[in-house]
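One letter stands for each residue in the lines below.
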Amino acid sequence: MKLRTSPVFVEGPMPLIAPAVMFLSLFFLVPLGYVVWMSLSQPVIGLQNFGRLLNSSLFASVLYSTFKTALLVTLLSLLFAYPLAYAAANGSKRFATFLLTVVALSFWTSYLVRTYAWMVILGNQGPVTALLSWLGWDPAPKILFTTFSATLAMTHALIPFMTMSLFAVMKRIDPLYVRAAENLGAHPLRAFVSVYLPLSAPGIVNGCTLVFITCLGFYVMPVLLGSPRDQMIAGIIGDQIEQTLDFGLGSAISIVLLALTLAVYAVYNRFFGLDRLWAGGDR
Amino acid sequence: MEMFKNASATPLSRRAVLGAGLFGAAMLASPSIRRASAEENALYVNTWGGDWEASVKKFLFEPFTADTGIEIRTVSPISFAKLAAQKTTGVYEFDVTTLGVADVARANGAGLLETLEGHVDTSKLWEGAIYENGLATHGFATQMAYNAAKFPEGLKNWSDFFNVEKFPGNRSLQRHAARVLAIALLADGVPADQLFPYDLDRAFASLDRIKDHVRVWWTAGPQARQILTDGEVDMAGLWDSDAFGAKEASKEPIEIVWDQAVVDKACWIVAKDSPRAENGFKLISHIGQNAEGLAKFCIADQNGPMNPKSFDFIPAEVAARMPTHPEHLARAVMLDGAKLLPQLDELSTRFESWVGI
Amino acid sequence: MNARSLTLSNITKTYDGRHMAADDVSLDIKAGEFVSFLGPSGSGKTTTLMMIAGFQHPTSGEIRLGERAIDNLPPHKRNIGMVFQNYALFPHMTVADNVGFPLRMRGVAKQDKERRSREALAKVGLQGFEKRVPSELSGGQQQRVALARALVFEPDIILLDEPLGALDKALREHMQVELKRIHKDLGVTMVYVTHDQSEAMTMSDRIAVFNQGRIEQVGTPNEIYRAPKTRFVACFIGDSNLIEGSALGGGRFDTPVGIVEARSSQTDRNRRADLLLRPEMIRIAETSQGGRQPLKIDSTINYGDNLLVIGKLGSQAIRMRVPGADARRLEGVSECHVTWRAEDVHVIA
Amino acid sequence: MNVWIRSLAILIAAFVAAPMFIVIPMSFSSAASLAFPPPGYTLQNYVNFFSDPNWTQPLTNSLLIGLGTVCMTMLVAVPASFALVRHVFIGRTVFNLLIMLPMIVPTIVMAIGYYIYFGQLRLVQSYLGVILAHSCIALPMSTLILTAALKGFDRSVERAAMNLGASPFTTFRLITFPILRPAFTVAGLFAFIASFDEAVIGLFISGRDKATLPRQMFNAVRQEADPTISAASSFLFLLVLAGVCIWLAPQLVRRRTRLLGQTDGNGAAQPAAATS
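Protein chains in written order, with the UniProt record's numbering: chain V, 1 to 283; chain L, 1 to 357; chain H, 1 to 349; chain Z, 1 to 276.
If you're looking for bench data, these hints aren't it; they were derived computationally from the structure. Beta carbons are placed, not taken as given, at the ideal position from N, Cα and C, and that holds for glycine. It is possible that some hints are incorrect.
[As the list claims (entries may be wrong)] Chain Z is nowhere near these chain L residues, computed Cβ spacing over 12 Å in every case:
| id | residue |
| --- | --- |
| 1 | Pro152 |
| 2 | Phe244 |
| 3 | Gln343 |
[To be verified] Computed cross-link-like contacts, DSBU-like style, restricted to lysine-lysine with a CA-CA straight-line distance of at most 30 Å:
| id | chain 1 | residue 1 | chain 2 | residue 2 |
| --- | --- | --- | --- | --- |
| 4 | Z | Lys151 | H | Lys77 |
| 5 | V | Lys171 | Z | Lys151 |
| 6 | L | Lys150 | V | Lys142 |
| 7 | V | Lys68 | Z | Lys151 |
| 8 | V | Lys142 | L | Lys251 |
| 9 | V | Lys142 | L | Lys247 |
| 10 | L | Lys156 | V | Lys142 |
| 11 | L | Lys282 | L | Lys87 |
[What the hints assert, rightly or not] Here are a few chain Z residues that face chain V, going by a calculated C-beta distance under 8 Å:
| id | residue |
| --- | --- |
| 12 | Ile22 |
| 13 | Leu75 |
| 14 | Pro106 |
| 15 | Ile108 |
Assemble the whole structure, with the sequences as input and the hints as a guide.
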């Protein structure tokens with residue numbers, strides 16, 4: 001070993017890497033390993049938990065509805081977030097600040113606060129039902145505890161994610177491109193579709209990936225607002241712990257969820273590179 | 001601070017962290033935070049929360065604390081899974097809980113309960129007070145209640161509850177296998193005296209009929225009361241106290257049906273190996289001998305006391321409201337824990353996977 | 001101020017074991033001397049400076065400051081002042097705190113610290129700027145603060161890493177004069193890294209020319225300019241004509257422009273050599289000299305005070321600088337006769 | 001910009017912001033139900049929120065756990081980000097991926113893992129257990145923030161400090177840390193909020209005495225129908241509203257001063273530069 005003192009801090013990165021490696025090994029990898037182990041060993045060693053899932057038509061339907069809901073939420077939040085991000089990226093500075101403040105307000109507000117707010121709004125005693133009955137819809141439909149209410153709340157919760165991903169990319173699009181296209185004779189709509197939309201595509205991909213993955217593993221909102229008929233995958237994992245105490249099955253479902261999530265990331269990584277996904281810098 | 005002009009400082013972040021820190025310190029110093037006194041002088045009890053908890057605190061726990069100095073803290077809601085998990089993790093959220101007859105039998109079979117014999121002086125209790133290491137203090141009914149404005153023709157029994165063509169609407173039932181399966185079989189026409197042990201295939205076939213119409217599987221009494229009060233569901237199978245509460249609170253007319261009510265007994269138990277088991281035994285003995293407190297609790301929460309002495313403190317017209325009143329009991333079904341015992345594990349697992357996956 | 005000598009002995013530095021960032025660098029810098037490290041980027045001059053300062057470690061070799069070997073000292077114990085390329089002022093401290101920082105690190109008492117900081121700022125002409133923050137200063141002012149900060153603790157030696165690179169031309173020339181004045185006033189040893197040859201020429205007592213990790217030549221500006229030892233030095237410093245030739249003995253060489261006489265006479269017969277002839281040493285002649293052909297002029301660039309003539313002497317490309325006074329003689333002329341003195345032709349071995 | 005796009009954006013912004021404001025009138029509701037508009041008004045929910053141990057205890061717990069998470073996260077994230085930005089080493093890509101992994105794995109999966117693992121370590125229902133779990137969740141984002149800041153950090157400033165006689169530790173204390181303080185603060189704030197808002201892991205492992213506020217709110221919504229949740233929600237929402245406003249205010253002030261500066265003439269802003 002050299003006795004020379006180092007230039008900056010410590011020689012070599014080992015002492016800097018060690019805390020993270022130790023911490024994550026002990027408190028992240030080991031518990032994750034436990035999940036894998038439990039799925040293969042409870043109640044007896046073997047693949048029977050996965051066999052149960054494979055044979056369960058109900059699990060298939062949960063997977064299907066989870067994917068369907070996640071996809072729907074992704075598309076809806078894109079639909080809402082795109083004009084918002086577009087206006088923020090291309091509007092006056094004051095208007096942009098206003099829009100981003102609104103987004104930040106929603107972004108930083110706890111999921112549970114938003115969940116509670118939706119319970120009030122969509123509840124049978126809430127303003128939406130009152131409005132519908134006033135409009136003559138009798139009897140007014142029940143909205144709370146349906147797939148619709150969970151989807152709406154999740155969409156609302158994830159719009160800020162999507163907006164930020166889109167905004168980060170749109171902010172870097174030079175308005176000259178669109179102007180150039182219009183100057184070259186393109187109708188504004190045409191210029192948008194053939195110039196702006198493709199340029200904003202990286203933001204769309206990033207936002208959709210983030211929202212889709214978050215939605216796949218969403219627990220709080222589907223459990224509190226959704227329908228018991230249409231549970232999402234995270235909800236049934238929770239049930240295995242809270243109701244049936246079937247850790248083996250719960251772990252096996254967790255592994256399936258993890259594998260699905262990793263698959264989405266892997267696809268993203270294959271085409272775009274993971275580093276870019278979080279470049280926007282949100283939670 | 002102004003030295004940071006060229007650094008990209010965000011004023012919010014510094015202030016927020018500072019603020020959070022100060023706030024945390026203030027909260028620590030705040031006298032409003034009651035710390036549990038020394039562990040040996042405390043007891044943690046699992047409750048159903050809401051009005052149930054308020055009543056049980058006032059009439060059963062506070063007299064106990066006054067007599068013994070042992071402070072009681074509550075944890076809700078009641079969860080059989082938690083009770084089982086405690087023994088595995090060795091971390092006890094609660095020492096004492098109440099379970100229905102089916103759960104208490106199942107828990108006792110699984111070795112989750114402390115033996116009461118030798119710790120609780122049974123000679124001071126009434127006949128049959130101890131059931132499967134639990135002190136059965138009161139009966140409560142799971143009964144049907146519905147919105148009469150929606151169904152002016154009225155629902156009479158569980159068969160109507162399960163008849164989704166004739167009575168379309170949202171329903172709610174407890175996420176509790178033993179009680180729900182009884183209801184499903186009754187709805188399918190099984191006579192009360194042939195209910196036990198359950199014909200599981202028939203029960204689940206019956207349940208399949210309403211699965212799509214159950215909007216909420218409730219897990220706590222107050223929750224059931226609220227969704228009925230708020231009109232989230234049009235009919236529910238819920239506890240008599242909550243049915244009564246919903247009837248009182250709701251703007252809509254709520255009708256309560258006593259026919260085919262499923263009566264269960266609440267049994268107080270001490271969790272196996274709980275660190276404060278001794279205090280738990282003391283509480284159970286105390287409740288067993290507090291006939292007046294039990295009476296008041298039952299009046300407040302509409303339960304039927306099991307302690308015969310309690311009826312001395314209950315006016316006749318109030319006793320008539322109780323699920324254990326002979327007139328009600330005659331129309332009701334008592335859960336038979338002993339006959340269900342061999343089935344309990346299977347029916348729980350099957351029910352949960354039916355509800356979930 | 002206590003000036004010290006600096007000795008680099010056979011310093012090598014490699015990151016990957018193959019490519020040498022510094023290759024056997026040896027150099028003696030006398031106390032009070034102003035030495036420039038000159039070379040293109042990546043030539044090893046900054047690496048060498050970083051090793052002197054202690055931010056990098058030589059793979060082998062020894063560095064001595066005065067009598068003391070400093071290789072095993074961490075940077076903060078070397079007592080070397082340094083001015084960084086981008087000044088590296090502490091953005092969160094005032095000018096006074098920046099300048100006082102090294103004194104604070106040395107446990108100097110508060111009043112003493114303030115006095116010395118003030119004096120150091122006065123030396124660089126920044127009285128009254130104590131309370132300012134770096135971001136409120138212009139580039140030149142930041143430069144001076146950095147200098148004051150490097151001076152204030154009376155280091156054994158001061159290293160300057162391209163300190164004037166970010167300044168505009170006028171300010172740079174002004175600061176060159178300032179730096180020279182401060183060097184003279186304090187008599188401190190200074191090592192100055194630059195890739196600007198004119199800066200090195202005007203300021204240095206001696207110049208060390210770096211190329212590919214090696215020192216190609218060390219010498220006074222005059223030596224470097226007039227008698228470069230290698231083609232690289234010849235080309236890197238100043239404008240040059242390099243003429244290949246083979247020695248005929250007696251200082252005579254056979255070249256594409258004919259027989260050329262040079263200053264040196266030690267060359268063996270038939271040995272190939274490069275002859276350096278600076279463009280400003282070539283003069284217009286009235287008649288053909290030494291049987292040479294006239295210079296064919298391809299183009300001229302007028303710099304005002306001089307005229308650069310680019311042309312061919314036979315097959316040899318030649319650049320010639322004609323003083324302003326003579327420039328008129330070339331108007332409308334496509335060729336002219338040229339001459340030079342034999343002692344202006346330098347032979348690169 | 002097109003007036004249609006503008007209006008559409010305002011409409012969507014309203015959809016994003018408006019739902020959360022409903023919690024404020026609800027917090028004064030005298031009814032236990034979710035009826036809106038409330039049938040009557042009272043301060044009882046706030047009284048409960050700030051005096052009932054079932055709510056004050058989780059609030060305190062969440063604050064303590066949040067602060068613990070900040071400390072733990074920074075202890076790990078700071079060295080890790082220095083290693084990632086300033087060093088080239090074998091396995092750097094793997095190391096980077098490892099740090100980002102907690103952001104990839106769904107929280108519910110980690111929750112079941114912690115439930116089993118911490119159960120065996122007897123860390124369920126302890127501050128330490130929740131803090132460790134939350135620190136894992138907070139680590140990726142905090143590291144991302146720190147590495148971004150470190151990449152933009154001019155290291156010659158550190159070299160200057162050492163050259164001027166500061167030891168490596170003093171350099172960190174007096175130079176590196178103060179200059180990077182804004183990034184440290186933001187990274188810490190993210191860690192705090194990640195913990196303070198985290199519901200799922202808290203739900204499974206925080207337990208009785210160490211229950212977090214999100215856990216209490218979750219249970220209040222699901223099981224107890226406790227109207228105090230309306231006060232808790234308003235409190236949290238107003239905290240965010242205040243935070244966003246505080247963040248916004250300096251921007252508005254700055255814009256205002258810039259406008260004033262323009263009317264005063266450009267030179268006034270930078271007197272120092274003029275003297276050189």
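The hints, checked one at a time:
| no. | hint | in the structure |
| --- | --- | --- |
| 1 | Pro152 | holds (24 Å) |
| 2 | Phe244 | holds (15 Å) |
| 3 | Gln343 | holds (27 Å) |
| 4 | Z:Lys151 / H:Lys77 | holds (28 Å) |
| 5 | V:Lys171 / Z:Lys151 | holds (21 Å) |
| 6 | L:Lys150 / V:Lys142 | holds (14 Å) |
| 7 | V:Lys68 / Z:Lys151 | violated (40 Å) |
| 8 | V:Lys142 / L:Lys251 | holds (17 Å) |
| 9 | V:Lys142 / L:Lys247 | holds (20 Å) |
| 10 | L:Lys156 / V:Lys142 | holds (24 Å) |
| 11 | L:Lys282 / L:Lys87 | holds (21 Å) |
| 12 | Ile22 | holds (5 Å) |
| 13 | Leu75 | holds (6 Å) |
| 14 | Pro106 | holds (3 Å) |
| 15 | Ile108 | holds (4 Å) |
Hint check: a violation occurs at hint 7 only; the rest are consistent with the structure.
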